[in-house]
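Q: Spelled out, the chains give:
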Amino acid sequence: MNPVYYLYLAALLFTIGAAGVLIRRNAIVVFMCIELMLNACNLAFVVFSRMHGNLDGQIIAFFTMVVAAAEVVVGLAIIVSIFRTRHTASVDDASLMKL
Amino acid sequence: MENLIALLVAAPLVGAALLLCGGKRLDRTGAWIGSLFAVASFAVAAVLFADMLGKSAEDRAVHQHLFSWIPVGGFQADVGFQLDQLSMTFVLLITGVGSLIHIYSIGYMEHDERRRRFFGYLNLFLAAMLLLVLADNYLLLYVGWEGVGLASYLLIGFWQHKPSAATAAKKAFLVNRVGDVGLSIAIMLMFTTFGTFAFGPVLAATGDTSEGKLTAIGLMLLLAACGKSAQVPLQSWLGDAMEGPTPVSALIHAATMVTAGVYLITRSGAIFNAAPDAQTAVVAVGAVTLLFGAIVGCAKDDIKKALAGSTMSQIGYMILAAGLGPIGYAFAIMHLVTHGFFKAGLFLGAGSVMHGMNDEVDMRHYGGLRKYMPVTFVTFGLGYLAIIGFPGLSGFFSKDKIIEAAFAKGGTEGWILGGAALLGAAITAFYMTRVMLMTFFGEKRWAETPGAAAPGQQVQHPHESPKVMTIPMIVLAVGSVFAGALFSVNEAFVTWLEPVTSFAHGHSPLSATAITASTIVVLLIGVGLAWQMYGRKPVPAVAPRGSLLTRAARRDLLQDDFNHIVLVRGGEHLTRTLVYLDHSVVDGAVNGTAASMGGLSGRLRQLQSGFVRSYAVQMLGGAAVLVAATLLMRGV
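So the sequence lines, in the order shown, correspond to chains W and A.
Quick note on the numbering used here: the first sequence kicks off at 1 and runs consecutively.
Quick note on the numbering used here: the second sequence kicks off at 1 and runs consecutively.
Just so you know, the hints here were simulated from the structure itself, not pulled from any lab data.
Honestly, I wouldn't trust all of these hints.
Stated by the list, open to error - Here chain A is said to cover these stretches of chain W; the calculated rule only asks that three of the stretch's residues, wherever they fall, bring their Cβ under 8 Å from a Cβ of chain A:
id, stretch
1, 7-16
2, 86-95
Claimed, not checked - A few chain A residues that don't get close to chain W, going by computed Cβ distances all over 12 Å:
id, residue
3, A77
4, L150
5, F173
6, T193
7, G368
8, V489
9, G506
10, S508
11, R555
12, G610
13, V612
14, A616
15, M619
16, A624
17, G635
We put the CB at the ideal spot given by N, CA and C, even for glycine.
Chain W with its partners taken away, still in its complex shape:
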């Protein structure tokens, strides 16, 4: 199967993720869309790794996963904290540093 199709898929996923980040207000959904974009990139890395026949892309994909995992931890903690204080998870309501 032609690896280019995987690239199309990666681009499609990235676009969906980007659109979600820009359009949706709910912090959890935005967060999930970010994950979608990260994983679209991972897919693209892996495809390139396959196409070029070396492991560089795959190694970077692992790095991305580690960073994404750490980011999820911190990000979810922030979102939970915001929800507790403001009783909403809308990113537009949290436009100020103060309450």
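On the provided structure of chain W, position chain A as indicated by the hints.
A: Then chain A, alone, in the frame of chain W:
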């Protein structure tokens, strides 16, 4: 003997300090104390003069170094005095005539409550003027120069309760400042050119210096001389300076102040000799001023202002002579000395007339005073004959020599200058005869009893002044009569000054006899014309409207109007333009930069909205741009 020189300056200075700091306990004796210090200075001058006469001509110049004033590296300013024949002449004139004026003031200021202060200022004036003529370098001369300016300011504005006197004092001070700037620039130029400003080295080094620099120094010195000596274009203060008490006018016009410019130019003779362009400027100023002052003098009805015009004109003669170079210096100083006698005499006479006429200065309210003030009439009359150059009196000898020297300048220039000097002599004869006729001759234009007074006439009880006033007038009148003849015997005065100013015989295109004859002819024409206009018919008590020239001359030939329109208005426009430029251009640039920065920041601030999604769009857009740019670069 040279240790006495400092005493010349110190005596009046101590007198001034004593009188100005002494307080009320000196109020009664102040006038005598002030006069005593002036006479003491004259006595020292006489001793030094006798000593100087005993030496040969080459050894006569003596120096006294007092102390080092500002020793800073290459800049050495000393306080030292130099007494040579030129300084000696001035010292004798200043202390001699000055002392007589002091004594006269005892009588004149008898009823003034502030006379102690008046005598303090007079002493200060003498001290400053003596410092000016005795200094052995230009910087110390400048100190005396400024001191004279200060003392004149204090004395002209002595009756400060009169707004006109206060204004006149300010005017004199400000106009003098313009000239002072010239002197300070000249001194700075000397320092950069010669590295020193002591008379000896500066005047000796003129041979090795470029003519351009010497011309610049000469023109700046001329500006200074114009300010102090009231020459065109800085002449406007002199007429208003008549607001001061009359003895002050006598002091300013005869012995001090206005002679300072002539001294400066004569002292700096070596510089002018090496800078012909500057000399041309000097003679031009002198010739213009001698006619200017004479014309102004013709139209004034105020006796003091008529005499002020005459001073301006006579100083013009001196400046003209000083600009002629070695053929003229000695005659400039000779005329200065004779003028010191007769002008002091004339002013003291005018003061005596005012003293007897309740301070009335308008000559149209005088008339027929010769019977009431015989001593004043005779002394004033002798001064009058001297100033118009009546043969045998002092003005005849000195003015005649200047006219001769002016013709001897040679070429067209000589004819123009000589013609101007001759014309000036004619006008001098005219206006002085006019003063004489309006004051002492003709019908009385005043009344002795209120009943006899015609409408507009004043009631006056004219009387002769006390002896303390008439004796100085008599002494000055004797000087006016004999000084010129005394100086001219065997060219005594020229021989006396020659070691300092150098002297060259001028070669006039006209013979001396022809010039003397023509001066006598123009003198008679001037006197005759004045007799025709003011002697044969009665003088109207109210000034007639007069011709255009007369009206202009009454307003000092529009000098104040000129200054007002050109300098005051011009200055106002200049400052307005500068303020406008400052507001619009300088402030505009600064404020505009600040405002545009502020506006830009306002726009940029709006990007930081705090909305996460808008940041996301910006990041996405930025990333897209980067990717597009990368692809484009690849493509190229």
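Q: If a hint holds in the structure, say so; if it does not, say that too.
A: Cross-check of the supplied hints:
Check on the stretch 7-16 of chain W: 0 of its residues sit with their Cβ under 8 Å from a Cβ of chain A, so the three-residue criterion for coverage is violated. Only residues whose beta carbon comes within less than 8 Å of a beta carbon in chain A count, and the stretch 86-95 of chain W has 4; three or more means the coverage holds. Against the 12 Å criterion, A77(A) stays outside the reach of chain W, whose nearest CB is about 71 Å from its own CB. For L150(A), the condition that its CB be more than 12 Å from all CB atoms of chain W holds, with the nearest at approximately 71 Å.
With 12 Å as the threshold on Cβ separation, the claim that F173(A) sits away from chain W holds: the shortest Cβ distance comes to roughly 69 Å. Against chain W, the non-interface label of T193(A) holds: every CB pair exceeds 12 Å, the least being about 72 Å. At roughly 103 Å, the least C-beta separation between G368(A) and chain W is larger than 12 Å, which holds for a residue marked as non-interface. Remark: the non-interface label on V489(A) is consistent with the geometry, its nearest Cβ contact in chain W lying 108 Å away (cut-off 12 Å).
Distance to chain W confirms G506(A) as a non-interface residue, since its nearest Cβ pair spans about 98 Å, more than 12 Å. Taking the minimum C-beta to C-beta distance to chain W, about 102 Å, the non-interface status of S508(A) holds against the 12 Å cut. A cut-off of 12 Å between C-beta atoms confirms that R555(A) is not in contact with chain W; the least separation is 79 Å. A beta-carbon of chain W is positioned within 12 Å of the beta-carbon of G610(A); the least distance is around 4 Å.
Not every beta carbon of chain W lies more than 12 Å from that of V612(A), the smallest distance being close to 5 Å; the non-interface claim is violated. Non-interface call for A616(A) relative to chain W: violated, since the shortest CB-CB distance, roughly 5 Å, does not exceed 12 Å. The beta carbon of M619(A) sits about 10 Å from the closest Cβ of chain W, which is not more than 12 Å, so the claim that it is off the interface is violated. Against chain W, the non-interface label of A624(A) is violated: not every CB pair exceeds 12 Å, the least being about 10 Å.
The Cβ of G635(A) lies farther than 12 Å from every Cβ of chain W, with a closest approach of about 19 Å, so its non-interface assignment holds.
Comparing the model with each earlier hint shows violations of hints 1, 12, 13, 14, 15 and 16; every other hint is respected.
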